[in-house]
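J.: Sequence:
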Amino acid sequence: MRKLSVIFVIAALAVAAFVSCNREDPEKEKSPYDKYAVDLGLSVKWASVNVGASDEKELGNYYGWGETSEKPDGTYYDWDSYLVFKGIGTDDDSRDAALARLYDSNLILKGEYDVAHVKWGGSWRMPTTNEVQELFEKCTWEMVPSDFDSWTGDNPGGWKVTSKINGK
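Counting along the sequence shown from 1, when you hit position 43 you're at 84 in the numbering used here, and nothing is skipped either side.
Incorrect hints may appear among the rest.
Stated by the list, open to error - Heads up, simulated DSS-like pairs for lysine-lysine below, C-alpha to C-alpha not over 27 Å straight-line: (1) K98 with K112; (2) K160 with K71; (3) K205 with K76.
Derived by calculation from the structure, the hints in this document are not laboratory data.
Between the sequences and the hints, there should be enough to build the whole structure, so can you do that?
T.: What follows is the structure, given as structure tokens:
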């Protein structure tokens, strides 16, 4: 159960913060959101903005993992607030089965459950756990501004992520 909970928390954080774009076939399908793609020299390109934002200082929208409809700001995220778990048992097997419906054999969210793909189209999708780990390991992270207490609605803070590979 602990392992499942850790994976679930990591996955939930990814929805709020990360969107990636496959490198496989850039000509396959274009998206107006491709202008936000940043090539950090990693296995996928990363978005410079969150889904629902048009600027890197905007927060974007809130979504539950595997959901494509916005959630109101201030939603408390737990097993009961995720639509994918509505009406299922509380045991690990039931929850594992519910999560398994969302992924393909490569543990990539299926298109209809992937908010990045549904909202942005093209080859945009949510990253895998391995891709997020790669981002953490192969980039430097700087909190900007560095004083968290100075973050406000007019001066939102965040993380400046810079590739250790190509400096982007």
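J.: All the hints need checking, so say for each whether the structure fits it.
T.: Hint-by-hint comparison with the structure:
| no. | hint | verdict |
| --- | --- | --- |
| 1 | K98 with K112 | holds (20 Å) |
| 2 | K160 with K71 | holds (13 Å) |
| 3 | K205 with K76 | holds (22 Å) |
Going down the numbered hints, you'll see the structure goes against none, and every one checks out.
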